[in-house]
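Undergrad: As you go down the protein sequences, you meet chains A and B in turn. Per my numbering, the very first residue in the first sequence carries number 78; after that it's consecutive. Per my numbering, the very first residue in the second sequence carries number 78; after that it's consecutive.
Treat each hint with caution, since some may be false.
Using 20 Å as the maximum straight-line C-alpha spacing, the simulated SDA-like pairs for lysine to any residue come out as follows [claimed, not checked]:
1. K888(A) x R80(B)
2. K735(B) x G889(A)
3. K850(B) x G889(A)
4. K735(A) x R726(B)
5. K735(B) x Q599(A)
6. K850(A) x D306(B)
7. K146(B) x R211(B)
8. K850(B) x D307(A)
No lab work stands behind these hints, which were simulated from the structure alone.
There are 2 protein chains.
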Amino acid sequence: MTRYVYDFTEGSREMADLLGGKGANLAEMVRMGLPVPPGFTVTTEACRVYLTTGVPPQDLGEQVADHLKTLERAAGRNLGQVDDPLLISVRSGAPFSMPGMMETILDIGLNDYSVLGLAKGPGRERFAWDSYRRLVQMFAGIVMGVDTALFEDALTALKKQHRASVDTDLDTCDLIRLVETYKDIVLEATGEEFPQEPAEQLERAILAVFDSWNTERARLYRRREHIPDDLGTAVTIQIMVFGNLGADSGSGVAFTRDPATGARGVYGDYLPNAQGEDVVAGIRNAVPLQELQRLDPHSFARLRDHMDKLEEHYRDLCDIEFTIERGHLWMLQTRVGKRTAQAAFSIASQLTFEGILSPDQALARIDGEALAHLMFPRFDTRADNEEIAHGIPASPGAAVGAVVFDSAEAVRRAGEGEKVVLVRQETTPDDLPGMVAAQAVLTSRGGKTSHAAVVARGMGKVCVCGADDITVNPRERLFTARDVTVPEGTVISVDGSTGVVHLGAAPLIDSEIMRYFDGGGQPPTEQVPQPVRDVHQMMQRADAVRRLEVRANADTPADAARARRFGAQGIGLCRTEHMFLGDRRELVEAMILARTDTDRDRALQALLPLQREDFAGILQAMDGLPVTIRLLDPPLHEFLPDRIELAVRVARDGALGKAPEPRDAELLAAVNRMHEENPMLGLRGVRLGLVVPGLVAMQVRAIAEAVAQRTAAGGDPRAEIMVPLVDAVEELHLVRHEVNRVLAEVSEETGVHIQCPVGTMIELPRAALTAGKIAEDAEFFSFGTNDLTQTTWGFSRDDVEAAFFSAYLDKGIFQVSPFETIDRDGVGRLVNIAVAEGRAARPGLTIGVCGEHGGDPASVHFFHHAGLDYVSCSPFRIPIARLEAGRAALIEYTPGSDSM
Amino acid sequence: MTRYVYDFTEGSREMADLLGGKGANLAEMVRMGLPVPPGFTVTTEACRVYLTTGVPPQDLGEQVADHLKTLERAAGRNLGQVDDPLLISVRSGAPFSMPGMMETILDIGLNDYSVLGLAKGPGRERFAWDSYRRLVQMFAGIVMGVDTALFEDALTALKKQHRASVDTDLDTCDLIRLVETYKDIVLEATGEEFPQEPAEQLERAILAVFDSWNTERARLYRRREHIPDDLGTAVTIQIMVFGNLGADSGSGVAFTRDPATGARGVYGDYLPNAQGEDVVAGIRNAVPLQELQRLDPHSFARLRDHMDKLEEHYRDLCDIEFTIERGHLWMLQTRVGKRTAQAAFSIASQLTFEGILSPDQALARIDGEALAHLMFPRFDTRADNEEIAHGIPASPGAAVGAVVFDSAEAVRRAGEGEKVVLVRQETTPDDLPGMVAAQAVLTSRGGKTSHAAVVARGMGKVCVCGADDITVNPRERLFTARDVTVPEGTVISVDGSTGVVHLGAAPLIDSEIMRYFDGGGQPPTEQVPQPVRDVHQMMQRADAVRRLEVRANADTPADAARARRFGAQGIGLCRTEHMFLGDRRELVEAMILARTDTDRDRALQALLPLQREDFAGILQAMDGLPVTIRLLDPPLHEFLPDRIELAVRVARDGALGKAPEPRDAELLAAVNRMHEENPMLGLRGVRLGLVVPGLVAMQVRAIAEAVAQRTAAGGDPRAEIMVPLVDAVEELHLVRHEVNRVLAEVSEETGVHIQCPVGTMIELPRAALTAGKIAEDAEFFSFGTNDLTQTTWGFSRDDVEAAFFSAYLDKGIFQVSPFETIDRDGVGRLVNIAVAEGRAARPGLTIGVCGEHGGDPASVHFFHHAGLDYVSCSPFRIPIARLEAGRAALIEYTPGSDSM
């Protein structure tokens, strides 16, 4: 017989998957001997059975009844008994925190008789009837599906009749009548009486909590938070205690440390003579927790004692809810508290300092996303620009710009050098050019998976979405926010990390953490602020324990130097196509348009010294460290003008009877000739090298000459040559042959013995699937996970991210964009295959990754466990990758569905 | 010690990999007791060692010397001995036939002394000196690298001096002097004397044959014929026999059966008093082999006897070379003879009839490509159009059209309804539009892997390339062929199956085999020609033994009906996009341009009845058989006008000061909005279904209503619904939900219980890699190997086939285009993974393939062994797929590198 119910005395915090976070932590507190009102938990498994089959598990009723009996025995009173009835709460509790998303029903056990028992005692009458009234409303709404507006209407009508302004103006008689009215409403709406039988109340409440797992808002929340849909919720049944029984009662929340800094102390709020719900709802003003010491020194001392125990036990900041019922302290909930990015570092650092955590444990407590937040520039909080709106912080960072209301205006103003913020009700793919042109995007609708949010995050643009304080009026070219009207052109400040929008240009300040990294991560002195010292401590530890090396994707000497300051251990991807742009475009055009080998060679010869100097500069900046140079990758027509523009220009000239510019005509012919329907799937990568004569030789010669030059200058250049887009070992074999020929030639000419490892990108499924063969000719592998994701899924980031990713996230097809975090089941499986078979063919093969996933925390963990040697990412992501590589080495890994 | 040399008595025909085809078959004849001049074979392994390391294996010299001694003992005379010298031939012999591609050196053992011994005997003087002269020329050319034109010049000079017109006019004295001249040439060209030592001659000849494996022409030939580059050649060393020693000598070739029909009999040619080389060179006219009966009845009888033995032994048509030396018959070579497509069927049929082969063995002897040849229409050979050129038959079929010399003219004339043949020196990607417009492509340069050949085969266009009889003069818009001048507009006939080009419109006749299939493959009567009966017999057998079903890719009732006549067992792919074209384009445009749900719904409602009738027609044609209907797949902008054309039109109007047509402006805006950089990787397939509201519902409703309609009419409609481009089970799950909803709705409305299996294409790597999960929601899989090849390799057929496939074939990166024959290592591995994991998750899952590979013989074998249930291909490929499916069930499979 499967066990679906656990008494609090039988669980522990490790059982959160089965008992939910709430149930597991309550059980843990019971184990610790803390005063918790007795209760038991129905498992998530019971919920899953119910949600899958539509009926509760066969034995559930019986198991619940058994546990209820135990509870009644312990309490010495029964559910629903007429004198001094036992009341219970029925609460949801999922394995991951989903605050407010699911249902809770309090005061189960009240009925027409037990309400009288509850009312016994001085001043309890009103309390009892009000509790019953609330139960009827809550139960009818949640369990029986009655529209709760009906109850609100009845209440309002009664208040009107009594000219009462607040609920508390109603007396017991009113409440008794109101309960009657409520019960009538239930009967009318459902054809069913409000159930008087407490056991029935309990049973139906449990199923209603199960059902609340699948409400629209709960589903949406899970999608946003990447919580799987199939976990289900546990249900906690617990004896009710009351903080609203007089001056010797009350409820509060407490933190074992300052959630902002991690400093020990007494932090929290206390509300005398109130239930926990009232504290959260903020109906009355709570007092600082320290006041409790004055109000009830005994309970305060006990609470402090419990808090110390919890801290010691959880070894982390704990967030606590408690109630004092007539001088008796009850612990109602605890959990490891949420915190800001900076607090995460402070707390971890503080706990290490106190000896509570080892440095490795501290490292596991923080994460790369928190570090990324600390690196963004932020608005100076000392400035006092007016806050005009607050939305969902969808893509972090701080941006200042003039308000514009459409894409065309954004593009126009940005073209004139103005910084703009695109403000829309919501964005569509039509807004893309404007989003590209803008500093930030602000929308009044949509959540974290809206089009604006997804696209902005993909572009690294600041975005605040769903700011429902504002009303966008593009027709009149203005928006209103609270009581401010903001016309087009007004400068605003958008904080993508907090969701706050300010009027005017709020002053930006560089992050001190960014300055620390850009200074080369030197050990901070005492004068340096604590947050920097905290980060330094974590980085030191991460570097000490990580196995993965971290390299940078960098194409210029300046980027290379910065990456080195940020801690890069080499360059994992030096793209050469950027070196083909700018003032070299003319030479590149000449190379592409060449009609004869001589013309082409002349253009290549002119490019050669320029490329050589590029490489020499980068090799100098990374002296002594590997620099992996990728041969030219993109299709050549990317270096030519836009086809549509040319066609339109030539057509206009034609319509006006003018002969087109000869250059235009020639370019158009070339562009038409080279046009590809799907350039991503066209003549690029190694294919170019194999069909454009002289291209590989020129690039390799530039690398070899740069190496010779740096060696002659006493340097230690370590160039590696990387061949992109290889599908088959034969391609690599041919290119390698050419590479070795040129290296030998330049060695001969310069007298410098030049040796560069030659390796390949693994960025096509076929390369991964035949990695064993490819390894025979490759001295290293580097996963190009952008292209690999593109081809494995068969969609291109550019084309589909804007078109349907937000829909896919909303529908739950993605938990997260596979371009952001590596898709373990598909792309990850190919990575695992290639690593295993590549190393089998060539033991000790160096393997890295140079796609954008190299700087994504979850992906870094995957790459660590896949056995890669390094990750390579953009310079600004290097600290994050270092930190996560360290964490990956410490944190146990659940391989999930990774397989081969 | 590795053994590198095998005596003929030690080998067998199974050893062709080691001994080459020639060596293995000679050994086999020795085993059979046939008279073969003694000899031995140096293995391909020795060749491989030599080619890899640059030096022959250490023991090779010794092993050759040992075997030579054995040979001398057997012959009773020594190599190079002065009286009656032993002479030997040194011949190449690769595991696969490479006729004329590698080198042969005859008469090894002759030198200044042994030539005198060979000259002894009546009338042998001239023969001996001529042999010596030939040895010097052959050896110097092949072994010593002397330009053989020097020898030809000397010979011509001597002939001029003697006013001799042919070689035979020269007398012994002339030849003796010529040998001296030749030896001088060798000395002058190489600084080295012609080697007199026979052992040195032999050793160097062997290495020269090894080297000839890697000549340019041999490499090219291997690439064309898909022979791996790393096999190496064996070398056969054999005692020379001479057919040119008088009237009682001669040489001939013989076939054990008529190579055209397979009828038993005596077929071949005999040339009295000649060496084998003379027969092949056609210097003198040979006589029919029957004549030998009169000339030398004894040898003829022995030959007949040997031929019978070979037939019985090889159980196939054998092709034989023999020499009679002074009345003694020697067998010099045998192999299974090549044959025409028709002969292949005839011979297999005849051998079955004679009881030599079982029906299954006969089936293994023929193949689908041969059948494809028999199905093409061909020119009526009775017509006598002038043959003006002969090139390489690069893409089969027969086409008639007016000559054009450039792409623009081809497009222009084709646009006016004229049939054209594009004639170019060679084609480039610029010629693509012309190739599309033309009936056939004819080039004067390039081989089977030239751009023209590769692209034409890809398009299924007739192509003859490398027709070096013709000179193309596009400037004067004419070509000359032999002595005919052909101006633009002249009608010519191009036979892509034979390479022949005729002047004028040669009459085309339908293939009788095609008529047979189109008649439903009825058992032929006695009146029907034998070839049809042969094919019928093979098809019967193939159908009886095959496990794979064969379905058709068909989108119209007419195609469905034809496919059924051709033997299709259902439709594996019914594309619905073709139903969105033609006069429905306006509705489709309206659907795409709809600004409101109402507008879109109106357009969809208008499309609904049209789609329903499409489906009803197809279901009727395939009544009782499965019809797999794929939901809309291509990106929507494919249904809108071309972006460039619109932009140009609007720009022209603008330049002329006209407002653009409102429709143009609207369309341009829509096309720009929907423009994708890489439409193959964009919003298409299931993604469309998930983001365009109502599209899936409309298509499913059309299917369901068609099923209901056919059911009501007493039919047996078996529609299956196929979801394209699925990446993740979640996509399929959502669509399935929608499908089931609509099916239930229509069932309810019509009272017909409609059940359609819902399955998915597996056409993206991720789908294959997560097939186990996808199978949970898919009732069938169908591999879309076109897209799967595209994404696995990361190149699109349209974009790259023309751009670099011919270069890739030439460089040996491909043996064959992966779009033509499935790439086992990459794409095939994904297929294997998906089959194994799909069936593990859902035992009995139906799995097919509907990419073009479904009609490719090699791929059909792969799919059979991968365990698929069916292949689906275009109607005309159905007989080929049926035949190959049968053969696949019989022929043992070498899985190669297929793996999981």
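Undergrad: For each hint, tell me whether it holds in the structure or not.
TA: Going down the list of hints, with the structure as the test:
Between K888(A) and R80(B) the alpha-carbon distance is near 68 Å, which puts this suggested pair outside the 20 Å criterion. Straight-line distance between C-alpha atoms of K735(B) and G889(A) comes to about 49 Å, which puts the hinted pair past the 20 Å bound. Restraint check for K850(B) and G889(A): satisfied, since their Cα atoms lie roughly 16 Å apart, inside the 20 Å limit. Of the pairs offered as hints, the one joining K735(A) and R726(B) holds, with about 16 Å between alpha carbons and a cut-off of 20 Å not exceeded.
Simply put, K735(B) and Q599(A) have alpha-carbon atoms about 67 Å apart, too far for the 20 Å limit, and the pair is violated. For the proposed pair K850(A) and D306(B), the alpha carbon gap of about 17 Å is at most 20 Å, so the pair holds. With a CA separation close to 25 Å, the supplied pair K146(B) and R211(B) exceeds the 20 Å bound. Straight-line distance between C-alpha atoms of K850(B) and D307(A) comes to about 15 Å, which keeps the hinted pair within the 20 Å bound.
Consistency with the previously given hints fails for numbers 1, 2, 5, 7, ordered from lowest to highest.
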